[in-house]
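J.: Protein chains in written order, with our numbering: chain W, 1 to 290; chain B, 1 to 290; chain V, 1 to 290; chain F, 1 to 290.
Calculated directly from the structure, the hints in this document are not laboratory data. Check the hints yourself; a few may be wrong.
[Unchecked claim] Lysine-lysine pairs mimicking BS3-like chemistry, simulated, CA-CA at most 27 Å apart: (1) B:K204 to V:K283; (2) B:K17 to B:K82; (3) W:K270 to V:K187; (4) F:K100 to B:K267; (5) V:K132 to B:K215; (6) V:K204 to B:K207; (7) F:K204 to F:K100; (8) F:K186 to F:K152; (9) B:K100 to F:K187; (10) B:K267 to F:K215; (11) F:K133 to W:K82; (12) B:K215 to B:K93; (13) B:K207 to V:K215; (14) W:K270 to W:K215; (15) W:K82 to W:K283; (16) B:K207 to V:K187; (17) W:K204 to W:K82; (18) F:K186 to F:K267; (19) F:K132 to F:K152; (20) W:K133 to W:K215; (21) V:K215 to V:K187; (22) V:K215 to B:K82; (23) F:K82 to F:K100; (24) V:K152 to B:K215; (25) F:K267 to B:K256; (26) V:K215 to B:K256; (27) B:K215 to V:K133; (28) B:K17 to V:K215; (29) W:K100 to W:K207; (30) B:K267 to V:K17; (31) B:K133 to F:K186; (32) W:K215 to F:K187; (33) F:K152 to B:K270; (34) B:K215 to B:K187; (35) F:K133 to W:K283; (36) V:K187 to B:K204; (37) B:K207 to B:K93.
So the chains spell out like this:
4 protein chains.
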Amino acid sequence: MTTNTTTYILTGSSQTKLGVLDLIISSLYRNDCYAYEMHTFDDADTDRFFFRVEFNYRGNGEFSEADLRSQLADRAEAFEVKWELRDLAIPAKVVILVSKYDHCLQDLLHRYSTGALNIEIPAIISNHPDLKKQADWYNIPYYHLPVTAETKAEQEAQMWQIIQETGADLVVLARYMQVLSEDMCKKLHGRAINIHHSLLPGFKGAKPYHQAYDKGVKLVGATAHYVSEDLDEGPIITQGVEPVDHTYTPERLVAKGRDTERVTLAKAIKLHVEDRCFLNGNKTVVFPGH
Amino acid sequence: MTTNTTTYILTGSSQTKLGVLDLIISSLYRNDCYAYEMHTFDDADTDRFFFRVEFNYRGNGEFSEADLRSQLADRAEAFEVKWELRDLAIPAKVVILVSKYDHCLQDLLHRYSTGALNIEIPAIISNHPDLKKQADWYNIPYYHLPVTAETKAEQEAQMWQIIQETGADLVVLARYMQVLSEDMCKKLHGRAINIHHSLLPGFKGAKPYHQAYDKGVKLVGATAHYVSEDLDEGPIITQGVEPVDHTYTPERLVAKGRDTERVTLAKAIKLHVEDRCFLNGNKTVVFPGH
Amino acid sequence: MTTNTTTYILTGSSQTKLGVLDLIISSLYRNDCYAYEMHTFDDADTDRFFFRVEFNYRGNGEFSEADLRSQLADRAEAFEVKWELRDLAIPAKVVILVSKYDHCLQDLLHRYSTGALNIEIPAIISNHPDLKKQADWYNIPYYHLPVTAETKAEQEAQMWQIIQETGADLVVLARYMQVLSEDMCKKLHGRAINIHHSLLPGFKGAKPYHQAYDKGVKLVGATAHYVSEDLDEGPIITQGVEPVDHTYTPERLVAKGRDTERVTLAKAIKLHVEDRCFLNGNKTVVFPGH
Amino acid sequence: MTTNTTTYILTGSSQTKLGVLDLIISSLYRNDCYAYEMHTFDDADTDRFFFRVEFNYRGNGEFSEADLRSQLADRAEAFEVKWELRDLAIPAKVVILVSKYDHCLQDLLHRYSTGALNIEIPAIISNHPDLKKQADWYNIPYYHLPVTAETKAEQEAQMWQIIQETGADLVVLARYMQVLSEDMCKKLHGRAINIHHSLLPGFKGAKPYHQAYDKGVKLVGATAHYVSEDLDEGPIITQGVEPVDHTYTPERLVAKGRDTERVTLAKAIKLHVEDRCFLNGNKTVVFPGH
Chain W
1 MTTNTTTYIL TGSSQTKLGV LDLIISSLYR NDCYAYEMHT FDDADTDRFF
51 FRVEFNYRGN GEFSEADLRS QLADRAEAFE VKWELRDLAI PAKVVILVSK
101 YDHCLQDLLH RYSTGALNIE IPAIISNHPD LKKQADWYNI PYYHLPVTAE
151 TKAEQEAQMW QIIQETGADL VVLARYMQVL SEDMCKKLHG RAINIHHSLL
201 PGFKGAKPYH QAYDKGVKLV GATAHYVSED LDEGPIITQG VEPVDHTYTP
251 ERLVAKGRDT ERVTLAKAIK LHVEDRCFLN GNKTVVFPGH
Chain B
1 MTTNTTTYIL TGSSQTKLGV LDLIISSLYR NDCYAYEMHT FDDADTDRFF
51 FRVEFNYRGN GEFSEADLRS QLADRAEAFE VKWELRDLAI PAKVVILVSK
101 YDHCLQDLLH RYSTGALNIE IPAIISNHPD LKKQADWYNI PYYHLPVTAE
151 TKAEQEAQMW QIIQETGADL VVLARYMQVL SEDMCKKLHG RAINIHHSLL
201 PGFKGAKPYH QAYDKGVKLV GATAHYVSED LDEGPIITQG VEPVDHTYTP
251 ERLVAKGRDT ERVTLAKAIK LHVEDRCFLN GNKTVVFPGH
Chain V
1 MTTNTTTYIL TGSSQTKLGV LDLIISSLYR NDCYAYEMHT FDDADTDRFF
51 FRVEFNYRGN GEFSEADLRS QLADRAEAFE VKWELRDLAI PAKVVILVSK
101 YDHCLQDLLH RYSTGALNIE IPAIISNHPD LKKQADWYNI PYYHLPVTAE
151 TKAEQEAQMW QIIQETGADL VVLARYMQVL SEDMCKKLHG RAINIHHSLL
201 PGFKGAKPYH QAYDKGVKLV GATAHYVSED LDEGPIITQG VEPVDHTYTP
251 ERLVAKGRDT ERVTLAKAIK LHVEDRCFLN GNKTVVFPGH
Chain F
1 MTTNTTTYIL TGSSQTKLGV LDLIISSLYR NDCYAYEMHT FDDADTDRFF
51 FRVEFNYRGN GEFSEADLRS QLADRAEAFE VKWELRDLAI PAKVVILVSK
101 YDHCLQDLLH RYSTGALNIE IPAIISNHPD LKKQADWYNI PYYHLPVTAE
151 TKAEQEAQMW QIIQETGADL VVLARYMQVL SEDMCKKLHG RAINIHHSLL
201 PGFKGAKPYH QAYDKGVKLV GATAHYVSED LDEGPIITQG VEPVDHTYTP
251 ERLVAKGRDT ERVTLAKAIK LHVEDRCFLN GNKTVVFPGH
């Protein structure tokens, strides 16, 4: 029964308040919508409430998304609930930024091509020409936008234009080796994901595997996080980790880390495009996914 | 706000049906109960719906648990919802069965004593006298019930009497080296947890670490599962795993496995006593815990 | 100093016997070879001794590999030591067998292209034409050898010819969905690696993720093993594992498992081509790698 | 054969130099000692060589440890090899420092009592009286040495006296909540292990779980390291890690972390007392253990 009908996701957040959950659930019920998977969380520190409902229509007539939206809008306003309703089948539009490393890009493109990630990739943007052939193979437009200290503002303006024109829902920094400007970070607030190759907040900044080598750590990892104005300080979505030992040179750590980076980044993207991630101040709420 | 009030857990299951979720949530709302954490799951294979709600009272008057129960009972009947309402602060009563190995018992007693596991232990039952002093240290009654093939029925009868008299919510087989009779398994359906020292269904039966050694596996693990009439086939709650290599003798596998066994068993008990586990045919639904 | 000189690997095994280690080490020393990394293991069950030495020449003259070989040969014979000496820089020749799934193939090709795996791939063989374009992209010869019950012997003969003509050191079954004949398994003894999508010996045979789903396990995994005549019983090289829960359908398990499969297979290949794996009856000895 | 004879461990380090390995191995061979497990490592950065050999006597006469020692001493001097020879069966003497938390202590005492850790515990020292009963249960002398800023020097003097009088091989800070003086750290150089409840170098200092909570990390861990004068900067022996999510309060992180702390500390102690750990500047070399 589930598989033959359109799957919707209703997500949102509000101040901690009696009645929010009831208005969500009763609105769905009145519209013959069956919520087969639901998660909520209330952060006692910030007094914010988060919810995610996966549902489909199980009435005898025809489902009116417009009616549901309208009812939700009416009732949610009083409670100041911010909510979004989405057809899960519609792929998110993801613009990918890269430089020269291709391991994360290759991985994302493969997941995209097999449907493991339900996304469209309207553009790949790079400050280098190197990875154009990977984009070509998948018939994805590749924009080579070189950047220097002088041209940074201009380059970001071009980037922003592409992001807007493609209607990107999400921007992914798949080992993009440039720091975005504060302005760009603000514009992309909550919809840009970066992969950092350390267990943040350990080893911020450049060459984290070399830092890890110098410290002689026995675990290395990767952190997928939302981009924020504070470099390497954005809200963490997920982290991966691998055991290492004294025989790992920096080069071996780099090689080892690639697996963790790509799996961790792909996981974060999947969680985001399935609407399982919520910003909660400098942290995230992430409901269980696959 | 949360921390000053009594915390309740409402759990249950029903056939897949429109309206079940609404009746739960609206009943809570009408009684000024704030559901700050909620998880639901619908199994498309078995058409069963499962829910767990953590809530507390946030009205201005006084909370009447009786009123809520009565309203839930009225409305749930029509939907054939099986539900339970519980004050989370009340510790579950757990009877522990052991033989001679004490690593799981020691671990559980320590967690019990520090409050990491919110349980009471009204009785420890063993077919050997060896672990009495551990029980004594924590002032827990220890029942030594020796067992032979001839006296098994009688021994289980004594065991059952203790379980009933202590009002046990849960029976834990913490490396209890006896197979319970079919009758006993039925009586304890859904409220007896066993720890098996393999990644079931691999290496069922006796000496799983020796089996693992003979196969040369590179991972060993432990499985906490509900006890069922089919030995080592009960619904799995959680599993733990550890990497091993060619240098592990059976004895080293046994030693290594102890850590996984005790952590895995403790985790399963915590999930159970916090009402996060549901039987679903020969499988389980386990909502996220800590 | 290490990085500027040729790196050799000396591996071997013998019966448990005093003097074997001494002859290895003293032969290296006499030839001014510095053994900077060494591992040995003695299996008390089978009375076999295994060793792996990584070394390079640090004398003042010129290194004669021939002299070392000749001395080793002379002395090793008396002790019935089976040994191999190899220049680590020379890539192993790996023939890859595939069917239609491309996630393992893509992963191996990427690692090959970046040098993460120090291998050559002289041929990709498949019973389907589907993955030819991946081979083309990397300029690797692709042999489409369809197979039916009737043509199996013939197809394997063609396969064997390719394996021989390319001088393959290793054959990798990267989700090759055909069972090799007993004869082929024998020919490839110790130099064919398969990836099975379960934690063997759990869930042998077909559709292991569906079996895992039916059992409701909370961990799934993958096993890389040497191919043997007994299907899914070959010596295990390495295993990977991932936590799952009740929300995983068989399809989601399949998707989740792909990451574990490809990482586990790649790890096994790396261990093999770096001469870290030894057959030891129906088990393996695997010295630490990266 | 192995199990009936005394097992020795020969460990050591030297400058990178041709001939060191040969002198070790040939000395063993001349004395009819069979090295059944051996690991070596050479750090190309520091030009230091490390080795660990496990062996037993397999000659026809009687083994003279004195002869072996004398030969090793003669030959090792020329190569400036620092070495130690030890009968593996002789338990290491471990003095444990604690404050009020007992989870690590309980765990160590249990492993000690079952023989999982081959150690003796001649003394438990604490700045609080709370854990005396745990010591009593295992018949271990408990020294309550209260400490204030004023009495610190005096208290450490008492502590040092106990460490010396008991002939302690190792001092373990099992959640000892005091910072040792620089002088004490120097005295205990290379033979004091601390457990820090974070993935160092992340979250140094006090209340690491609260720091982790504030950062919203998705993994927490523990680090066992040698004590050094720089607080939380000592050479890392091993690290453990656990996934967490947004539902973890600081209290839940603390509770969760206990399992990782005790397993990680116990693992480090086992590695140390089996002579598998070597100091290498501000890092460690740790050969594989169980």
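J.: Does each hint fit the structure? Answer for all of them.
T.: The hints, checked one at a time:
A distance of roughly 20 Å separates the Cα atoms of K204 of chain B and K283 of chain V; the hinted pair therefore holds under the 27 Å criterion. With a CA separation close to 13 Å, the supplied pair K17 of chain B and K82 of chain B stays within the 27 Å bound. Annotation: proposed proximity of K270 of chain W to K187 of chain V is violated, straight-line Cα distance about 43 Å (limit 27 Å). Only pairs whose Cα atoms come within 27 Å are accepted, and K100 of chain F paired with K267 of chain B is accepted, the gap being roughly 24 Å.
Of the pairs offered as hints, the one joining K132 of chain V and K215 of chain B is violated, with about 37 Å between alpha carbons and a cut-off of 27 Å exceeded. Restraint check: the Cα-Cα separation between K204 of chain V and K207 of chain B comes to about 21 Å, which is no more than 27 Å; the hinted pair holds. Only pairs whose Cα atoms come within 27 Å are accepted, and K204 of chain F paired with K100 of chain F is accepted, the gap being roughly 21 Å. For the suggested pair K186 of chain F and K152 of chain F, the alpha carbons sit about 16 Å apart, so the restraint of at most 27 Å is met.
Of the pairs offered as hints, the one joining K100 of chain B and K187 of chain F is violated, with about 42 Å between alpha carbons and a cut-off of 27 Å exceeded. Distance restraint check for K267 of chain B and K215 of chain F: the Cα-Cα separation of roughly 25 Å lies within the 27 Å cut-off, and the hinted pair is therefore satisfied. For the suggested pair K133 of chain F and K82 of chain W, the alpha carbons sit about 56 Å apart, so the restraint of at most 27 Å is broken. This hinted pair does not check out: K215 of chain B and K93 of chain B have alpha carbons roughly 40 Å apart, beyond 27 Å.
A hinted pair counts as satisfied when its Cα atoms are at most 27 Å apart, and K207 of chain B with K215 of chain V qualifies at roughly 21 Å. Annotation: proposed proximity of K270 of chain W to K215 of chain W is violated, straight-line Cα distance about 33 Å (limit 27 Å). Our distance criterion of 27 Å between C-alpha atoms is met by K82 of chain W and K283 of chain W, whose separation comes to about 18 Å. In summary, the hint linking K207 of chain B to K187 of chain V is not supported, as the alpha carbons are separated by about 35 Å, beyond the 27 Å threshold.
Distance restraint check for K204 of chain W and K82 of chain W: the Cα-Cα separation of roughly 33 Å exceeds the 27 Å cut-off, and the hinted pair is therefore not satisfied. For the hint pairing K186 of chain F with K267 of chain F, the CA-to-CA distance comes to about 24 Å; that is within 27 Å, so the pair holds. Our distance criterion of 27 Å between C-alpha atoms is met by K132 of chain F and K152 of chain F, whose separation comes to about 21 Å. With a C-alpha separation of about 38 Å, the suggested pairing of K133 of chain W with K215 of chain W is violated against the 27 Å cut-off.
Distance hint between K215 of chain V and K187 of chain V is unfulfilled; the C-alpha atoms sit about 36 Å from each other, more than 27 Å. Our distance criterion of 27 Å between C-alpha atoms is met by K215 of chain V and K82 of chain B, whose separation comes to about 25 Å. With a C-alpha separation of about 39 Å, the suggested pair K82 of chain F and K100 of chain F falls outside the 27 Å cut-off, and the hint is violated. Restraint check for K152 of chain V and K215 of chain B: not satisfied, since their Cα atoms lie roughly 30 Å apart, outside the 27 Å limit.
For a cut-off of 27 Å, the pair hint linking K267 of chain F to K256 of chain B stands: about 10 Å separates their Cα positions. For the suggested pair K215 of chain V and K256 of chain B, the alpha carbons sit about 26 Å apart, so the restraint of at most 27 Å is met. Only pairs whose Cα atoms come within 27 Å are accepted, and K215 of chain B paired with K133 of chain V is rejected, the gap being roughly 39 Å. Among the hinted pairs, K17 of chain B with K215 of chain V is consistent with the structure: their alpha-carbon atoms are about 26 Å apart, no more than 27 Å.
Using a Cα cut-off of 27 Å, the hinted pair K100 of chain W and K207 of chain W holds, with the two alpha carbons roughly 15 Å apart. At roughly 47 Å between alpha-carbon atoms, K267 of chain B and K17 of chain V are farther apart than 27 Å, so this suggested pair is violated. Proximity of K133 of chain B to K186 of chain F is assessed by CA-CA distance (about 41 Å); at most 27 Å being required, the pair is judged violated. Our distance criterion of 27 Å between C-alpha atoms is met by K215 of chain W and K187 of chain F, whose separation comes to about 23 Å.
About 41 Å separates the Cα atoms of K152 of chain F and K270 of chain B, which puts this hinted pair outside 27 Å; it is violated. Of the pairs offered as hints, the one joining K215 of chain B and K187 of chain B is violated, with about 36 Å between alpha carbons and a cut-off of 27 Å exceeded. Of the supplied pair hints, the one linking K133 of chain F and K283 of chain W is violated, its CA atoms being roughly 42 Å apart against a limit of 27 Å. A distance of roughly 34 Å separates the Cα atoms of K187 of chain V and K204 of chain B; the hinted pair therefore is violated under the 27 Å criterion.
With a C-alpha separation of about 31 Å, the suggested pairing of K207 of chain B with K93 of chain B is violated against the 27 Å cut-off.
Hint violations for this structure: numbers 3, 5, 9, 11, 12, 14, 16, 17, 20, 21, 23, 24, 27, 30, 31, 33, 34, 35, 36 and 37, all remaining hints satisfied.
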